[in-house]
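Novice: Whole structure, please, built from the sequences with the hints as guidance.
Each chain is listed here by its residues.
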Amino acid sequence: MPRIIIDNRQIECREGIPVLQAALEAGLDVPHYCYHPSLSVVASCRLCLMQMKMPHPKTQEMVWSPKLVPSCQTPVRDGMEVRFKSEAVAKNQKACMEFFLLNHPLDCPVCDQAGECYLQDYSYHFGDAESRMVDQKLVNPKKDIGPGTLLYQDRCVMCTRCVRFIGEISGTHELCMVHRGSRTEIDVFPGLPLDNPLQGNVVDVCPVGSMLDKDFLFKRRVWELSGTPSICPGCATGCSIRIDHADNRVCRLKPRFNPKVNDRWMCDEGRFGFKYIHEANRIASPIVRRGLEQTTPSWEQLPEIVRFRFQEHVRRNGAEKVVAVLSPFMTCEEGWLLIRFIRTIAPEAALVMGPVPLEGEDQYFPVGATSKAVKFTILAEKCPNRRGIEMLLKAAGGTTLTFGEFVEQSGKGEFSSAWVVGGYAKPWIDKATAKIAANIELLVVQDIFESGLVAGAAIVLPARAWVEREGSFVNTAGLVQPFERAIAPPDGGRYDGQYLFEIAGYEGLFSAGRVREMMAESISAFREIYEAPVLPAHTH
Amino acid sequence: MAWKTIDRISPAVDADAEPVLSKAVKAKIRSFFDRYETKRAALLPALHVVQDASGSISWQAMVEIAELLEIHPSDVIDTISFYTHFWTRPKGRKVITVCRSLTCEVMGGVAVLEELKRQLGIDEHETTPDGKYSLVTEECLAGCDHGPCLLVNEKLHKRVGPQDVARILADADNDRIAFERSDLFDAPRDKVVTGAAAQEDGAHRSTSKDQEKRRAD
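Those protein sequences? They're chains Z and P, same order as listed.
According to the numbering used here, numbering within the first sequence proceeds without interruption in unit steps and concludes at 540.
According to the numbering used here, numbering within the second sequence proceeds without interruption in unit steps and concludes at 217.
One or more hints might be untrue.
For lysine to aspartate or glutamate, the following DMTMM-like pairs were computed, each having C-alpha atoms within a straight-line distance of at most 20 Å [unchecked claim]:
#	chain 1	residue 1	chain 2	residue 2
1	P	K4	Z	E185
2	P	K26	P	E70
3	Z	K142	P	D7
4	P	K4	Z	D154
5	P	K39	Z	E168
6	Z	K137	Z	E185
7	Z	K142	Z	D204
8	Z	K58	Z	D78
9	Z	K214	P	D7
10	P	K4	Z	E279
11	P	K4	Z	D107
12	P	K23	P	E70
13	P	K117	P	E138
14	Z	K260	Z	D362
15	Z	K214	Z	E116
16	Z	K254	Z	E293
17	Z	K426	Z	E507
18	Z	K275	Z	E359
19	P	K26	P	D186
20	P	K155	P	E138
Taking beta-carbon pairs under 8 Å as the criterion, some of the chain P residues facing chain Z (in silico) [unchecked claim]:
#	residue
21	K4
22	T5
23	P11
24	V13
25	P73
26	I77
27	D78
Label pairs and their calculated CB-CB ranges [what the hints assert, rightly or not]:
#	chain 1	residue 1	chain 2	residue 2	range
28	P	D34	Z	S524	53 to 61 Å
29	Z	A395	P	T5	50 to 58 Å
30	P	I6	Z	A395	55 to 63 Å
31	Z	P147	P	R40	26 to 34 Å
32	Z	P105	P	S31	42 to 50 Å
33	P	A17	Z	K67	46 to 54 Å
34	P	E37	Z	K91	37 to 45 Å
Everything labelled a hint here was simulated from the structure, so no lab data went into it.
Virtual Cβ for every residue (Gly too), placed ideally from N, Cα, C.
Specialist: Structure representation (structure tokens):
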């Protein structure tokens, strides 16, 4: 491990990284725009320049070089000494900031980026409060460059992160730089807009308010948002994300650094795929039916009712007539609690893996990359936790069926009571299957939207969206990734983990971590969870 | 949209437009492929050839070049817009480039430019109505020791004063160059290509035939 000295402080850093990255990892705030750890280095913003000790050409004595060098382009070398705290460096930073703001419209009050803008931050920390610009500012156009993104050229600092992202990560090359010098602009070829499954990331890589997300435009000021770390349920990749929410509503999703899964990216499908959680037609509260009578039990009564109804059926029809269909949208903890409940009531009960939604084909990025060069994957398997549920089913043993077998056997009347979990973002059950399932005497349906199943169900439980739950998903690579609860369910009621916890016979508050500990006792795979490292404060 | 924005989503070219690059031009561009490791590297030669053939590089031509070099059209406009040499809209048969750098300006370049504007009746970056001349300015033409300088196509006129402008404009051979030039980046001459006919009646080029004639003289 190389040891280098930054500002008289000795630090140990990773081999082969630029000095800038080493400084950021050591917690220093070094201003930078064009440097991005996942993209190629262009050293064009000149904001990260540093002073380095070099041998004097005549005396060979190590002295501070009179010229500044870009720290993003200088790899660390054992024993090197650099400094950011010097007059020359500060002077350069001030000069650079003045240039960056030369034509900037200073429209922070109406800018979406305000509050998370590195023009604001760096201007405050490293810039000058005054501009000496006396001439008219260049007014650059706003461009509609794609269905999801708007380009506000005035605010651009020409770091070219977006152009590099589109070239190096998505590999779709829609963005380009036109003209040159002070008149350079980011642009697309007219008629070939920025439209690819990863385009939303250009808004994230943009350090200023130049790339704007049309979906989030003018919706919220960012300082009103709270961020909760989460995992994207969109596909089996399991990207680490951050849920930005305010007033119990999710406003936007942002990718979170995860070196093992998604690096710093996420796809648009995941980014904008959360809208269903705020639809009005969600199942809000539990419903219990007996004959023609329909009641809405309180959350306190619910566990007793569910247990009683199942016990009644097991007594009457036998334990082998019980079945539970687990959904790949459930967390591992919920799955475990449900299995525990079902197998306690009926040890011979069959367990079923719910349908796994597949859409299209796996997509690899950059487009056309060979397997080694793949930097991002969108999987065709559009559910977050097939692996986790499969692990639970395997560990539970006993009778396990596929969904097809379950439908077939239900048609023959093999089951008298069933607990069917949905939770799918899209309609998932066809009329024929719903009709077959309706013949099951005690049908418990736990779903997010009204499907054909709900009409024939004896007990309806509202499944919550993943943002309203906590637990863990196991992604396609087998990583057990925990996530937190961001908002409360729309009715303010209990969420799946909590009511399953109570139904399974536990008391008190559900905690995913505690349930995971219990799971780990019997299933070794849950002993180790993977949580993505938190990035140093000043990286972006 | 809440703001007035420039629409970049609507296409600049019709999907069913006729191709503008002739077979000969395409063949010439392909002839550069062997010189480089990637096809993309042949972009600059390709642009030179296309501009020589058509006078300027249209959106449609950019799309066709991109197709040929297996790159995205945005990479083509990226390169074209970087170089002032390349025209994306029709230019005159002859381009007059006036130096606006320090030395020429000190020596009276501005007066030359003003005189040109007056006599041609056009401003910078404009083309005369008859399509004969386009007028542009450029940084240093590498003739600082003979300023003020201007170029008519590729011919450098040195020590030009406002009084010389009329003479230069009247001279039909004002773009004839006296030395052999490479036709490596020229469009193929034997076949007439789109727009090149117009180019050829006014613009003299020092072809090998000219060279021989001059040597014989």
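Novice: Look at each hint and say if it fits the structure.
Specialist: Here is what the structure says about each hint:
1. Restraint check: the Cα-Cα separation between P:K4 and Z:E185 comes to about 17 Å, which is no more than 20 Å; the hinted pair holds.
2. Only pairs whose Cα atoms come within 20 Å are accepted, and P:K26 paired with P:E70 is accepted, the gap being roughly 13 Å.
3. Pair hint Z:K142 plus P:D7 holds up; C-alpha atoms about 9 Å apart against a cutoff of 20 Å.
4. Our distance criterion of 20 Å between C-alpha atoms is met by P:K4 and Z:D154, whose separation comes to about 13 Å.
5. For a cut-off of 20 Å, the pair hint linking P:K39 to Z:E168 stands: about 18 Å separates their Cα positions.
6. Note on Z:K137 and Z:E185: the hinted pairing holds, with a Cα-Cα distance of about 15 Å set against a maximum of 20 Å.
7. With a C-alpha separation of about 18 Å, the suggested pair Z:K142 and Z:D204 falls inside the 20 Å cut-off, and the hint holds.
8. With a C-alpha separation of about 23 Å, the suggested pairing of Z:K58 with Z:D78 is violated against the 20 Å cut-off.
9. The suggested pairing of Z:K214 with P:D7 holds, with an alpha-carbon distance near 14 Å, which does not exceed 20 Å.
10. Taking the CA atoms of P:K4 and Z:E279, the gap is about 31 Å. The hint is violated against a cut of 20 Å.
11. Restraint check for P:K4 and Z:D107: satisfied, since their Cα atoms lie roughly 16 Å apart, inside the 20 Å limit.
12. As the CA atoms of P:K23 and P:E70 are separated by approximately 17 Å, the hinted pair is consistent with the 20 Å bound.
13. Restraint check for P:K117 and P:E138: satisfied, since their Cα atoms lie roughly 15 Å apart, inside the 20 Å limit.
14. Between Z:K260 and Z:D362 the alpha-carbon distance is near 18 Å, which keeps this suggested pair within the 20 Å criterion.
15. This hinted pair checks out: Z:K214 and Z:E116 have alpha carbons roughly 17 Å apart, not beyond 20 Å.
16. The straight-line distance between the Cα atoms of Z:K254 and Z:E293 is roughly 45 Å, outside the 20 Å bound, and the hint therefore fails.
17. The suggested pairing of Z:K426 with Z:E507 is violated, with an alpha-carbon distance near 33 Å, which exceeds 20 Å.
18. Under the criterion of a C-alpha separation no larger than 20 Å, the hint pairing Z:K275 with Z:E359 is consistent with the structure, at around 19 Å.
19. At most 20 Å may separate the alpha-carbon atoms for a hinted pair to count; P:K26 and P:D186 meet this at roughly 12 Å.
20. Straight-line distance between C-alpha atoms of P:K155 and P:E138 comes to about 14 Å, which keeps the hinted pair within the 20 Å bound.
21. Contact between P:K4 and chain Z, as hinted, is supported at the beta carbon level, the nearest pair being about 7 Å apart and thus within 8 Å.
22. A hinted interface residue such as P:T5 counts as satisfied when its beta carbon comes closer than 8 Å to some beta carbon of chain Z; here the least separation is about 4 Å, so the hint holds.
23. The beta carbon of P:P11 comes within 3 Å of a beta carbon in chain Z, closer than 8 Å, and the hint placing it at the interface holds.
24. The restraint placing P:V13 at the interface with chain Z holds, with a minimum CB-CB distance near 7 Å, inside the 8 Å limit.
25. Taken as an interface hint, P:P73 checks out: its beta carbon lies about 4 Å from the nearest beta carbon of chain Z, inside 8 Å.
26. Below 8 Å, beta-carbon pairs count as interface contacts, and P:I77 has one with chain Z at about 6 Å; its hint therefore holds.
27. With 8 Å as the threshold, the beta carbon of P:D78 comes within range of chain Z, its nearest partner Cβ sitting at about 4 Å, so the hint holds.
28. With their beta carbons about 60 Å apart, P:D34 and Z:S524 fall inside the hinted range of 53 to 61 Å.
29. At roughly 55 Å, the beta-carbon separation of Z:A395 and P:T5 lies within the given 50 to 58 Å, and the hint holds.
30. Separation of P:I6 from Z:A395 is about 58 Å and conforms to the stated range, judged on CB atoms against 55 to 63 Å.
31. For Z:P147 paired with P:R40, a C-beta distance near 28 Å keeps the hint of 26 to 34 Å intact.
32. For the pair Z:P105 and P:S31, the beta carbons lie near 48 Å from each other, so the given range of 42 to 50 Å is met.
33. About 52 Å separates the C-beta atoms of P:A17 and Z:K67, a value consistent with the hinted range of 46 to 54 Å.
34. One distance hint, 37 to 45 Å for the beta-carbon pair P:E37 and Z:K91, holds here, with the actual separation near 42 Å.
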